[in-house]
Amino acid sequence: MTGPIKISEQHRDFFAMVFEVVKQIPEGRVTSYGAIARYLGMGRSSRMVGWAMNASHSQPEFVPAHRVVNRNGVLTGKHHFASPTAMQALLEEEGIKVVEDQIQNFETYLWDPAKELALD
DNA sequence: TGGGTGACCATAG
DNA sequence: ACTATGGCCACCC
Numbered sequence: 018m019t020g021p022i023k024i025s026e027q028h029r030d031f032f033a034m035v036f037e038v039v040k041q042i043p044e045g046r047v048t049s050y051g052a053i054a055r056y057l058g059m060g061r062s063s064r065m066v067g068w069a070m071n072a073s074h075s076q077p078e079f080v081p082a083h084r085v086v087n088r089n090g091v092l093t094g095k096h097h098f099a100s101p102t103a104m105q106a107l108l109e110e111e112g113i114k115v116v117e118d119q120i121q122n123f124e125t126y127l128w129d130p131a132k133e134l135a136l137d
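The opening residue of the first sequence carries number 18 in the numbering used here; numbering runs sequentially from there.
Think of the hints as simulated: they come from the structure by calculation, not from any bench.
Heads up, some of the hints might be wrong.
To be verified - In silico DSBU-like pairs for lysine-lysine, Cα to Cα no more than 30 Å straight-line:
{"hint": "1", "residue 1": "K132", "residue 2": "K40"}
{"hint": "2", "residue 1": "K132", "residue 2": "K95"}
{"hint": "3", "residue 1": "K132", "residue 2": "K114"}
{"hint": "4", "residue 1": "K40", "residue 2": "K95"}
Being a predicted model, the structure only gives us computed values, none of them experimental.
From just these sequences and the hints, can you work out the full model?
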C-alpha cells in the first residue's frame, strides 16, 4: 500500500478524505460506501460518501469510483458513469465478474479500509 | 426558511 | 424473506 491516511491532516476536507481512501483500493478489489464512512468515523452517514463520489469525476487525479459499491455488492452507482455499462466493464477488466449489476463472490473481493488500512 | 432528495445502512415488525 | 422506517447531513430548489 502507498501508506495510511492521516485523518487529523485531512479532517478538514471531507471530499479529499473520501477520495484518498478510494484511491487506495487495490485493483481487482472493491469496497462499500458504508465501509468508507465507518473508516472515516462518519458512522451511518454512508450517503455522504455516495454524494462525494458524485464529484469524483471532476478530480484531477484518477479516482477508481467503480470499485465502490453498496453493502450487497450491487452496482448502485453505475448510472453516474459515462455509459450504463462503463462501471461493469471497468470491474470486469480487473477480473471481477458482474451479473445483473451484482458482483459475484463479493466477499472474496471486499476490501475493508478499516481492516486493511492501519491507522496512524 | 423549509421540505425533498440521495452512487446508503441498520433495525424492527 | 420482505417491506417500512429512521438516521445521516449536505445540497438544491
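Now for the hints, and whether the structure bears them out:
Using a Cα cut-off of 30 Å, the hinted pair K132 and K40 holds, with the two alpha carbons roughly 16 Å apart. Taking the CA atoms of K132 and K95, the gap is near 26 Å; set against the 30 Å cutoff, the hint holds. This hinted pair checks out: K132 and K114 have alpha carbons roughly 23 Å apart, not beyond 30 Å. A hinted pair counts as satisfied when its Cα atoms are at most 30 Å apart, and K40 with K95 qualifies at roughly 18 Å.
Checked against the numbered hints above, the structure violates none of them.
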